[in-house]
Amino acid sequence: MIEWIIGILMVLGSLFMLLAAVGILRLPDLPTRMHASTKAGAMGAIFIMTAVVLHFSTGIVLARALAIVLFIIMTAPIAAHVIARAGYFVGVPLWRGTVKDELRDHYDPISHSLDHEELTTLTAKQKKSSS
Amino acid sequence: MEVVMAFVVATLFSCALYMMMRRSIVKLVIGLILLSNAANLLIFVVSGLTRGAPPLIIEGVDPSPFVADPLPQALILTAIVISFGVLAFAVVLIRRAYEVVKTDDLDQMKDTDT
Amino acid sequence: MDSLLLNSVYILMSLALLVAFLRLMKGPSLPDRVVALELIASIVVGFVGVHAIDTGVASLLDVAIVIALMAFLAAIGFARFIERRGTAND
Amino acid sequence: MNVLAIPLLIPLFAGALSLALWRSTRWQRVIAVLATASLLVSSIVLLQAVLQDGYVVLHTAQWAAPFGITLVADLLAAIMVVLTGIIAFVIAIYSLAATPAGHEKFGYYPLLHLLLAGVVGSFITGDLFNLFVWFEVMLLASFALLTLGGERAQMEGAIKYVTLNLFSSAIFLMAVGLLYGMVGTLNMADLAQKIAQVEDQGMITVVAMLFLISFGIKAAAFPLFFWLPASYHTPQVAVSALFAGLLTKVGVYALFRVFTLIFVHDVAYTHTILLWIAALTMLTGVLGAAAQFEFRRILSFHIVSQIGYMLLGLALFTPLAIIGGVFYIMHHILVKTALFLVSGISYRLLGSYELRDLGGLYRKKPLLAILFLIPALSLAGIPPLSGFFAKFIVLRAGIEAEAYVVTGIALLVGLLTMYSMIKIWAEVFWKATPEHTHEQKPLTDAVVDRGHWPLYVPIMILGCGTLLIGFYGQPIFVLAEQAAAQLLNPQGYIDAVLGVQP
Amino acid sequence: MMNSNTVILRTAAMYLMPLQLLFSIFLLLRGHDEPGGGFIGGLVAAGAFVLFAFSYGSDALRSLIRLDPRDLLGAGLLFGLASAIPSLLRGEPLLTAQWWTIALPGDAELKLSSPLIFDIGVYLAVVGTILTFVIQLMEAEHE
Amino acid sequence: MSGFFWNVILALIWVILSGSFSPWNLFMGFMLGYAVLLLMQHRVPELSAYSRRLPRVILFVGYFLKELFKANLRVAFDVVTPKTYMQPGVIGIPLSATTNAEITMVSSMISLTPGTLSLDVSNDRQVLYIHAMFLQDEAQLRQDLKELERRILMIMR
Amino acid sequence: MLLTVMLGFVVAMAAPWLVKLSGRYSGWLLALYPFSLVVYFAQWIPVIGQGHSQLTTYQWFPGLDISLSLYLDGLSLLFALLISIIGTFVLIYAGSYLKGHKDLGRFYLIIIAFMASMLGLVLADNVITLFVFWELTSITSYFLIGFQHEQASARKAALQGLFVTVGGGLCLLAGFVLLAIMGGSYSIQGILSSGVSLPEHGLYGAALVLVLLGAFTKSAQFPFHFWLPNAMAAPTPVSAFLHSATMVKAGVYLLARLNPGMASDLWSTILTSVGALTVITAVVMALSHRDMKKILAYSTVMALGTLVMLLGIGTELALTAFVVFLLAHSLYKGALFMLAGAVDHAVGTKDLSELSGLRKAMPVTALLMLLAAMSLAGIPPLFGFIAKELLFESLLQASVWGYGLLLLFVFSAILLVAVAAALALKPFYGQYLATPKTPHEPPVAELLGPVVLIVMALLLSLFALPAQQWLLSSSMLAVAGYVPEVKLALWHGVNMPLMLSAVSLVLGIMLWTQWHRVQPWLSRVIAQLSRFGPERGYFKMMDGITWSASWQTRFLQNGVLGLYMVVLILSTFLLAGYTFVRSYGLHFPLDVQDSYVYEWVVAFLLIVSALFASTTRYRLAAVAAMGVLGFAVALTFIHFSAPDLGITQLLVETLTVILLVLVLFKLPEFVQLSSPWERARDIVVALFGGVVMLFILVAAIDIQYFDSISSYYIDNSELLGYGRNIVNVILVDFRVLDTLGEIFVLALAALGVLSMIKLRAEDRVK
Ligand code: NA
Ligand code: NA
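Chains as they are written, first to last, in my numbering: chain A, 1 to 131; chain B, 132 to 245; chain C, 246 to 335; chain D, 336 to 837; chain E, 838 to 980; chain F, 981 to 1137; chain G, 1138 to 1903.
Hints listed in this document are in silico derivations from the structure and should not be mistaken for laboratory results. Every residue gets a Cβ at the ideal spot worked out from N, C-alpha and C, and that includes glycine. Warning: the hint list may mix true and false statements.
[Unchecked claim] Within a straight-line C-alpha distance of at most 25 Å, the following computed DSS-like cross-link-like pairs (lysine-lysine) qualify:
| hint | chain 1 | residue 1 | chain 2 | residue 2 |
| --- | --- | --- | --- | --- |
| 1 | F | K1063 | C | K271 |
| 2 | G | K1574 | G | K1624 |
| 3 | G | K1293 | D | K758 |
| 4 | D | K699 | G | K1236 |
| 5 | D | K700 | G | K1677 |
| 6 | G | K1431 | D | K700 |
| 7 | D | K699 | G | K1677 |
| 8 | D | K700 | G | K1157 |
| 9 | D | K699 | G | K1895 |
| 10 | D | K758 | D | K700 |
| 11 | F | K1126 | A | K100 |
| 12 | F | K1063 | A | K100 |
| 13 | G | K1803 | B | K233 |
| 14 | G | K1497 | G | K1624 |
| 15 | G | K1895 | B | K233 |
| 16 | D | K440 | G | K1157 |
| 17 | B | K241 | G | K1239 |
| 18 | G | K1293 | D | K699 |
| 19 | G | K1677 | D | K758 |
| 20 | D | K700 | G | K1293 |
[As the list claims (entries may be wrong)] Where chain E lies over chain G, by a calculated footprint (3+ residues, C-beta under 8 Å):
| hint | region |
| --- | --- |
| 21 | 1798-1808 |
| 22 | 1869-1878 |
[Claimed, not checked] Away from chain F, derived, C-beta distances all over 10 Å, residues of chain A:
| hint | residue |
| --- | --- |
| 23 | I5 |
| 24 | I8 |
| 25 | L62 |
| 26 | M74 |
| 27 | P77 |
| 28 | V99 |
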């Protein structure tokens, strides 16, 4: 029985990973690809680690698996955030099907400063300080 | 499997050599990385590949004689760290070279020979 | 553990690796490649987990811990580069 | 037992300590002189011990060979360590007056010590992979010393130096791996013993060729020497001198070691290849020098050519030839270091290494002229200086071995060597100082002036060495003879390392 | 100057770095029995500092560790060499391993050994080395 | 955080006293320590928030896993099927979170939830810009995200 | 006896100091050394004259059979006496000639060292010791020729002399080693008395050629004669010494010394022809010059040719003539040089066309010059006459070469007479021509030598027979191996040689009267001819060395790293590949049975990532691919039971990416630099390397001669190393020294990086 659960978990995990991979291959632009990779990757790891815990069923392994999952959950979004941000700021093009971009007018392409005020005031301020 | 890995080693080695013959210093550095990877893998492969038996002794159990050969692993570990140091030096070297020579073209760097 | 099952899991993940690498090769922008690299790191974590089950060596999980904790540094490095260099194709 | 460990520990400790004391260059200078002096003393103690016992063996961490790393000194190793001690000491003294403050601040002394540690380690290790590690220690120290100062020429030279040496390291590493895969051990004595039992030597010879190439690159043999003339004239002169004297000899030493101990089963093939490499090394090196008009470049090319002589000794593989090789190494280390140090003083005085900018030193600095002439004529093989006997032994061995063509090349190379030395002499010393040189300001401002004696004393010491070998060479010859006898009887080495089975 | 350090990264780094450092010491200490050891531990620790440096800048890292990386390096090398001294003092061959068991109150005992001292040296040297690389390169970026 | 700190101390003391370093024993010590703290919370006000947090954390984990799984499937569906359903876009969400830790936590959780990806926080830390994959119903999305934020803040405060 | 030589070097070392101490009398003071030698060697005359010899041996380098063995017999005694006698007067002469010269001390140092070396050369019995002194004379004469070193011409002449003599010397050394092998000894007497017939030995030809090359270069034989006249750049005392008794005679001495053992038909042929060629060349050249010193130099070359030829003829008479002519020449040539120098010194020029009518101002000089020139021309009653008579007589008897040689010599004698006349008459007689300095009689120190030498020449010819008994016959014994029966005398009655002498004298004088026409004409002819002459060859050779050197440097050391790599890779893998095929054959055990699909996938990923990293146009893409490669390698390590390696690889890999990213920030993007041809070439080379490596690796995988030592680690890791991670126990215990070295590598890398970034060249400029 437990064998079967482990097997299913492993297959699910690996399927998620494959899904993530296919996602980044198929999806049309950087942010959408990141949607696939960050989550599905983490999800796959979670499934497999669960399988690992069930397979070994010792405390040490549980602790380790927990640590792995925890670390992935902690680090993956951070990495995703910095890459997405960097990609957006240097102008990696968005998919043409993108329906909305509220950030477009709120960041300064030179300083990468970002504000929800109107950008015009920001740049005006900058011009003042630089002159 | 060793033979398959031998092909891998040979490919890595060829790529390394090719990159080391390029004129761009950055490519040269990539060649160096490939070279050390090739060398490490070569040692690993030539001393035999063992699946699923890392050279770790389980507490309270007599060591199994069928674990993977630990010696080449120790050697490779040393080699990895050494080549990391060397590589770090090399990348800073090319950066500095670019700074003073103002080009990354190695063919522009032959003053010291001729 | 059933070897057919294990093998198919391995094969699925290998496929994932290859597909991810395909994106890395295609790019088109550097962030795309970095995303692929990040995913490959995750897949390696999965690989290690399955491998631990396969071989019964729990110590292998330490490898996964290290990847989980450290591999994202490369992405941060790339991101830092991209932002400072101001270009996504380099 | 630990007489063997001390010469290795001293530079390691000195290096670590100098690094830890990076804030105080004064302490680093004190450590430099003390450490190199004690290195010299301990190396002599080691030589004494080796002369007494034949071999000194130390199983590090108490693990019996071949399981642990065994340090072992036979006579050749002990001689090399003593030479290292001498060079270390004179370079340390010279450095007191020749090292720019910035270099001192950014690790000159730790680098110096660790380079020495790498060299000594390479000489006394009995383990093939450990040899690789010491090579890398040496190599990285040399990288750092080579680039210390960060000038354009240094960078250009260093890129070639680094690349080609890393290629060599990779080949070395691969060769060690292949050998381990086939023979299952890393201890050189164990390897020698086991390889001797192998019937089909084919693959062993293949691996031997990889070692030949790898060490050949380190030794700057033909056609693998490019890195040397590209870089040796670029760093600060004390560094050049240290490299010139010591570094390539480590490659030569390694060739001597493995091609007398391990790969001696297909001598007709391996050593014939060595022979032609030696001949071409001599010839291309000396011709390279003839084309140069820069003090240190001439000297650098001559290193290549002299390496050929040493290899010739190994390649001929007769007792006399090996003696000649060993003798040549001893002579060359002293002489080449001295010449580089002289070039440093002339640079200090006139601000250039270019022969056309130099001149008039015979009249201005007669002492320097003499200090140049002794090693220069010695290098050229003028009797009764050390170089003559070195050359004569190799020559005699060549004729006795009926290797006439190679011997003829050796003679021709001797003539051309003299031509180069005379060129330097005529240009730097005899010629009047060129007018335009007076306009150049000597580049001494970067160097803290600590008087001139630290510059001259080292050359005097080395000069006395070469004179001593010349006039009183018999003891040195006997030393080389004993060393050669050990090299040609590897069983002694094997027994000493592995312990004789009763 | 570009505003590339975000709140999110900085905050995450603040939480991740201690974790990584702790983990590195864990790897160091149990390396004799399980995967780990001085190198691996040192590399992880160095990674932790790199994360900090990327988030807060190299100056912040310098003031965090207070020591110059060279001090770490020197200490690491001296530790590594120091592990050789006990053997010399006892007249044994260079680097012979020494094991000391210190009895603690109760049944517990503390196992100290020269290989452990050596591994600590390795750890420090690795950290010092990588910190040197990263700090130098980051400082040089501004030129 | 002092509550957690004390809990760990108690667990370690338990481990030392019992003389067994096994993880199970550590877990045991942790549980016992938690129980002790639960008893003490009335006397020591600083600890009260801590003991309440644990059940909330467990609840949150459950909620989060559910969301994660649910939305993953949605993305998966879009990935594997040839037809594209998504309507991606970048929107700004006003933040209730104030401290750095809160903002980071919220943004991370949003990133981990499929279909949404945090891009950056405005300089004044009022707005979180996210990339969303399915903007068919933007209002519902905003509501879901505010719910997520609320739950996070509940365990953090 | 060794002391005589060694003392010379000590005196030489002390000379600069002594010169300072003794001021203007330094010449006289230092001459005490050669003078004491004269006394010392004179004592030996009675003993040696009896046909005895004296061999003293001191150990020097027994391992190489090099001993400081000195051998005194007639030949070496004759030379030793000449060296010390002429040396005495040269030193005195130099004290005056170079009075107040700032480098006088150094000059004495070198010339005394030279003297001692020459002495050592003629006394040495061990061939290597002889060679040591031989080279010492070359190198000291280099310094003497280049004494006026600030003139480029002097440096050039010095180099020329050195290059030729040292080049020959190296041949000589090889010849000596061959001789020693043939004779089984490094002692000349040992070789000569070994009983081995050298000419019948298989190595004889090679040894002969090598030894002759040494001797000919040193003794300025055709075609190596050109360096000697150029060596006239040296101050006159040097010329006097070098060309009369010493340096240039070293080759002749050596030939004479080896004559008893080496003589053969081949020997005769070579020596006679080379000697004859030298003679004719030298005489013609002598006549073509106006510079007194040059003329003397060519006459020296001619004398050397004569001596070599006489050795070649090798008859009893010829060998007698050899010894006599040797002595005669040394005496008159020493005198002539000193006189020419004295004239030059006194009037400021040595160009014959500017000299005339000095007899009144310098009568003594004129007289001495006349006497010395008479000896040169072979006019009685000077010793030169006896030599010339013997010469003609031996030629008359020489069966092999017949009258051709005789004719040649008569012709050269005619020219020589003309030369002698030019030297002795042209400057002193006729109309006085204004000279740069007011002519005056040279000081005593400069005339003392010529006087003594000419007196000796006179006395020797008058008392030829006693001289022969005391000294010359023992020399002949050494040269010929037997005591010749020929009796020396000034007057043999009217015979053929006398007739020939007379003829040559008359014709010579006649020729001299036409000197002012012949000389410029010859000079022009020579100038034309010298375009094909051996000196031209020398310059061509020097140019050739420089040219081939720079060509080689351009070709090999061309500064292109890519090409260096090509050479390195090809050398490595041609050698390894050839060895592989030669000694192992072309096996390729393609066994891929034992592998799983996913392993293939990882292998494939490794290959693809490497290929992609090497081909992508984007450098950061290459870095990312390297990252993937690192992951795949780590995966391989993990999969094949190396978790520690896996972890390390992952971490190192991550840090490498970070470093690369930090560095590449400052570097430019990839551009295509190399041409398609270069890329194709590099691909072929790289593939070649990879394929050879593949073959070697696959072969090595298949081979395991011995079990690995690893079982020891596995068994003892926990037992003795107290650790369960065997790899770690190896790293920190079994092979701790490796790891120790490794952290030093890291520290060194850090130091290197630190200094490269922090220590700026710009800082230094500031
Ligand atoms: Na094998
Ligand atoms: Na094998």
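Do the hints match the structure? See the list:
no.	hint	verdict
1	F/K1063 with C/K271	22 Å, holds
2	G/K1574 with G/K1624	48 Å, violated
3	G/K1293 with D/K758	10 Å, holds
4	D/K699 with G/K1236	21 Å, holds
5	D/K700 with G/K1677	35 Å, violated
6	G/K1431 with D/K700	34 Å, violated
7	D/K699 with G/K1677	35 Å, violated
8	D/K700 with G/K1157	18 Å, holds
9	D/K699 with G/K1895	38 Å, violated
10	D/K758 with D/K700	18 Å, holds
11	F/K1126 with A/K100	20 Å, holds
12	F/K1063 with A/K100	20 Å, holds
13	G/K1803 with B/K233	11 Å, holds
14	G/K1497 with G/K1624	41 Å, violated
15	G/K1895 with B/K233	18 Å, holds
16	D/K440 with G/K1157	47 Å, violated
17	B/K241 with G/K1239	46 Å, violated
18	G/K1293 with D/K699	21 Å, holds
19	G/K1677 with D/K758	18 Å, holds
20	D/K700 with G/K1293	22 Å, holds
21	1798-1808	holds (count 4)
22	1869-1878	holds (count 6)
23	I5	16 Å, holds
24	I8	14 Å, holds
25	L62	7 Å, violated
26	M74	7 Å, violated
27	P77	4 Å, violated
28	V99	4 Å, violated
Taken one by one, the earlier hints fail for this structure at numbers 2, 5, 6, 7, 9, 14, 16, 17, 25, 26, 27, 28, listed in ascending order.
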